[in-house]
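Chains A and B are the protein sequences, given in the same order. Following the numbering used here, the numbering of the first sequence begins with 577 at its first residue and continues without gaps. Following the numbering used here, the numbering of the second sequence begins with 420 at its first residue and continues without gaps.
Just so you know, these hints were derived from the structure itself, not from any lab. Just so you know, even glycine gets a beta-carbon here, dropped at the ideal spot from N, CA and C. Misleading hints may appear alongside valid ones.
[Said to hold, decoys possible] Cut-off 20 Å, straight-line C-alpha distance, at most; resulting in silico cross-link-like pairs (EDC-like, lysine to aspartate or glutamate): (1) K782(B) <-> E677(A); (2) K486(B) <-> E457(B); (3) K486(B) <-> D454(B); (4) K835(B) <-> E591(A); (5) K628(A) <-> E457(B); (6) K737(B) <-> E634(B); (7) K628(A) <-> D510(B); (8) K954(B) <-> E595(A); (9) K665(A) <-> E677(A); (10) K695(A) <-> E807(B); (11) K707(A) <-> E633(A); (12) K954(B) <-> E928(B); (13) K464(B) <-> D510(B); (14) K835(B) <-> E595(A); (15) K814(B) <-> D748(B); (16) K912(B) <-> E807(B); (17) K814(B) <-> E603(A); (18) K782(B) <-> E603(A); (19) K707(A) <-> D454(B); (20) K835(B) <-> D593(A); (21) K525(B) <-> E436(B); (22) K782(B) <-> E609(A); (23) K530(B) <-> E590(B); (24) K954(B) <-> E683(A).
[What the hints assert, rightly or not] Some chain A residues close to chain B (C-beta under 10 Å, calculated; not the full set): (25) N590; (26) N592; (27) M646; (28) S675; (29) R676; (30) D680; (31) Y692; (32) P719.
[As the list claims (entries may be wrong)] With beta-carbon atoms standing in for the labels, derived distance ranges: (33) S846(B) <-> E603(A): 39 to 45 Å; (34) S897(B) <-> Q663(A): 53 to 59 Å; (35) R849(B) <-> E591(A): 29 to 35 Å; (36) K814(B) <-> K628(A): 53 to 59 Å; (37) R769(B) <-> S660(A): 21 to 27 Å; (38) E928(B) <-> K628(A): 30 to 36 Å; (39) N856(B) <-> K628(A): 34 to 40 Å; (40) N856(B) <-> S660(A): 46 to 52 Å.
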Amino acid sequence: MNISPKRILFAEDNENDVELTLTALNEYHLANEVIVVPDGEEALDYLYYRGKYQSREKGNPALVLLDIKMPKVDGIEVLRRIKSDQQLKMIPAVILTSSREERDLIESYKLGVNAYVVKPVDFHEFINGVKELGLFWIVINEPPPGTVAITKNR
Amino acid sequence: MSNSNILIVEDSATQAEILRRLLMKEGYTVTIAKDGAEGLEYAHKLIPQLILCDINMPVMNGYQLCKAIKTDEAFSGVLVLLLTSLTEPKDIIKGLECEADSFIPKPYDEKYLLACIQHMILNRAQFKKEPVQSATNINYGGQTYAIRAGRMQILNLLLTTYDVATIKNIELTKLQEELKQINMNLEEIVIERTSSLLSEIERRKQIEQVLSDSEETFRTIASSAHDAIIMIDKGGNIFYWNLAAEFIFGWRDEEIHGKNFSILISNESNNEVFDKDHNLIISSDHDHIDGRILELIALKKDGSEFPIEISLSSINLKGQLNAVGIIRDISDRKKAEDKINQLNVELEQRVKDRTEQLEAANKELEAFSYSVSHDLRAPIRHIAGFVELLSNNLKENGQMDDNSQRYLNIITDSAKQMGMLIDDLLSFSRMSRSDMNKTSFDINSLIKEVIHSYEPDVQGRDISWKLNDFPQIYADYSLIRVVLNNLISNAIKFTRTRPQAIIEIGYNEKEDLPDNHILFVKDNGVGFDMNYANKLFLVFQRLHTSSQFEGTGIGLATVARIVQRHGGHVWAEGFPEQGASFYFTLPKQDTKN
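Okay, chain A solo, but in the shape it has when bound (with noise of 0.2 Å):
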């Protein structure tokens, strides 16, 4: 596959999760560039150039997934933030959660959210979800001016 991939934004508190949507996201190797981060804040962290990434390379990532339940700052409060803040509303942001509770889904669509996606309790069906998800807004969706491309060769 020749493709130029971007970079994602991954809020995910639990160690599992992240390895089976890492492993998901590598089906069409898009792990490398995929940036994770344990809780809310970092993941603000990240997106203000904060803390430990005070000094990471300019740009925004061309998507950023959320967990909802996560420790400090939950994916709703960091979608609230995103989406109300000039330089960073035009990333897409979706919302990766166990659950479908309506006020969840309620809120995250009030917010401007671009996609929620309930993570499948069956293996196969959530690698497929998770590697249509990555492939659909890495690969096939154009991202907004100001997205960090990173040309690669594979």
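Please build the complex by placing chain B on the supplied structure of chain A, with the hints as guidance.
Only chain B this time, still in chain A's reference frame:
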């Protein structure tokens, strides 16, 4: 009988017509003349067999006509029958003088008249006048009458007179009889009337008795009634006052009689509505008060106030409108009402409290279902996922390698995590629902017992325990044990990265919380960012990832719930990497629940 010709001389047309019809019915031929002169004229023309003649007539009277007939040879066979009253001797004398053949007394009896006429016509010959030698002179009433009548005429006259007398006598006897009858009737009426009067008197006596009984009944009722019964006239003045009224108001009948009703009603304590009603009564607008029941504040003679209920009715006594008021002292009822109101307020408060409890329970239930969908799914997904990865790995390598071992560990941990979540959820839900059984106990020994229970977990660690001396506390022993378990295990957990853990369990008193014990558990562990302090006590909220510090996010929520159920509250202080302090209060006395 037929064809006998009769001339009636009568000035009254009605009388003449009655006679004509009577005679015509008997077959006579009848002619009528309206006076003596006309009678004489018709007599010349007709030469009747009989002339029936009235006495008093204009122009020529009956006597004159009779005389003219009897002195004229041309009428020798004509009979004259005079209708006379024959009540005075003068009538008899004049009758004899004019030589009438016979006389009929007036008023005549029809049958007698007809019989007389028939007799005269049939026996005409007998009436033929015998020669009379000389007139017999009679002096009567200063006048001289020359009587030339024959014996037959005289006899007829006498008989007729006798008849009249006899008839009169019979009439008299009849009248006497009637009088007697009337007298008898009168007597009967008098007797009847007397007896009805007597019975009327008897009836009146009975009515009087009934009235007096009824009045006595009324007085007995009125005086034995427990409600005050009073009557007011149009001016609002009291004119009746029963015994109960004396008891209720303290005024005796003779004291209150004639006083105005307003003396009984408190001016100060009644509100506007009562004042309006009160005016209504004293103005005695009785038409508008009938059937009304009012609640007023009344005044006793001694000036003390009490609530009354007055039921009013309008009555008409001797054309005057009056009001009757039945008054009841409703102090007891008012007290009962106040109590009911107070109970209602309490009930409302209880409903409110219960509603709050239910709302809290509902929130917990929501959190529970939220967690089931979020947190319980994750371990299942992990087990399913890593079993698949393990299986793939085994297929590829044909044997267990390090990766396979790691997958197995993850699978085991996920299963454990799920078990913990389920246990913690159940425990949290039990803490929220279980009954509280508060006692006063020594918390010092409980703390030591809890610390002791963690000894196996902290083997090989350097932990310095600092314990205050605690007073007795009043709480549910087993729930407080859960609180201490959670706080102490947290302190042990979050000091894991410290070479020496310092855990202080202490006791405070604060001036602004004088009725509460303040307890705290302080550690020198990893601490937390105060920005997230509000999330600490919420269900399933964690400040650390499971890889940093294991946990379910339920422990502190359980602590908060238990403390709140005791009427206390919780809070936390901390700073990243500089330790954390968890405080909770417990009311010293039983102020809630």
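Cross-check of the supplied hints:
no.: 1; hint: K782(B) <-> E677(A); result: 15 Å, holds
no.: 2; hint: K486(B) <-> E457(B); result: 15 Å, holds
no.: 3; hint: K486(B) <-> D454(B); result: 14 Å, holds
no.: 4; hint: K835(B) <-> E591(A); result: 15 Å, holds
no.: 5; hint: K628(A) <-> E457(B); result: 174 Å, violated
no.: 6; hint: K737(B) <-> E634(B); result: 16 Å, holds
no.: 7; hint: K628(A) <-> D510(B); result: 176 Å, violated
no.: 8; hint: K954(B) <-> E595(A); result: 27 Å, violated
no.: 9; hint: K665(A) <-> E677(A); result: 24 Å, violated
no.: 10; hint: K695(A) <-> E807(B); result: 16 Å, holds
no.: 11; hint: K707(A) <-> E633(A); result: 26 Å, violated
no.: 12; hint: K954(B) <-> E928(B); result: 26 Å, violated
no.: 13; hint: K464(B) <-> D510(B); result: 29 Å, violated
no.: 14; hint: K835(B) <-> E595(A); result: 19 Å, holds
no.: 15; hint: K814(B) <-> D748(B); result: 98 Å, violated
no.: 16; hint: K912(B) <-> E807(B); result: 33 Å, violated
no.: 17; hint: K814(B) <-> E603(A); result: 18 Å, holds
no.: 18; hint: K782(B) <-> E603(A); result: 42 Å, violated
no.: 19; hint: K707(A) <-> D454(B); result: 161 Å, violated
no.: 20; hint: K835(B) <-> D593(A); result: 16 Å, holds
no.: 21; hint: K525(B) <-> E436(B); result: 16 Å, holds
no.: 22; hint: K782(B) <-> E609(A); result: 41 Å, violated
no.: 23; hint: K530(B) <-> E590(B); result: 17 Å, holds
no.: 24; hint: K954(B) <-> E683(A); result: 19 Å, holds
no.: 25; hint: N590; result: 6 Å, holds
no.: 26; hint: N592; result: 4 Å, holds
no.: 27; hint: M646; result: 8 Å, holds
no.: 28; hint: S675; result: 4 Å, holds
no.: 29; hint: R676; result: 7 Å, holds
no.: 30; hint: D680; result: 9 Å, holds
no.: 31; hint: Y692; result: 14 Å, violated
no.: 32; hint: P719; result: 29 Å, violated
no.: 33; hint: S846(B) <-> E603(A): 39 to 45 Å; result: 41 Å, holds
no.: 34; hint: S897(B) <-> Q663(A): 53 to 59 Å; result: 54 Å, holds
no.: 35; hint: R849(B) <-> E591(A): 29 to 35 Å; result: 31 Å, holds
no.: 36; hint: K814(B) <-> K628(A): 53 to 59 Å; result: 39 Å, violated
no.: 37; hint: R769(B) <-> S660(A): 21 to 27 Å; result: 45 Å, violated
no.: 38; hint: E928(B) <-> K628(A): 30 to 36 Å; result: 44 Å, violated
no.: 39; hint: N856(B) <-> K628(A): 34 to 40 Å; result: 52 Å, violated
no.: 40; hint: N856(B) <-> S660(A): 46 to 52 Å; result: 50 Å, holds
Hints 5, 7, 8, 9, 11, 12, 13, 15, 16, 18, 19, 22, 31, 32, 36, 37, 38 and 39 from the list above are not met by this structure, while the remaining hints are.
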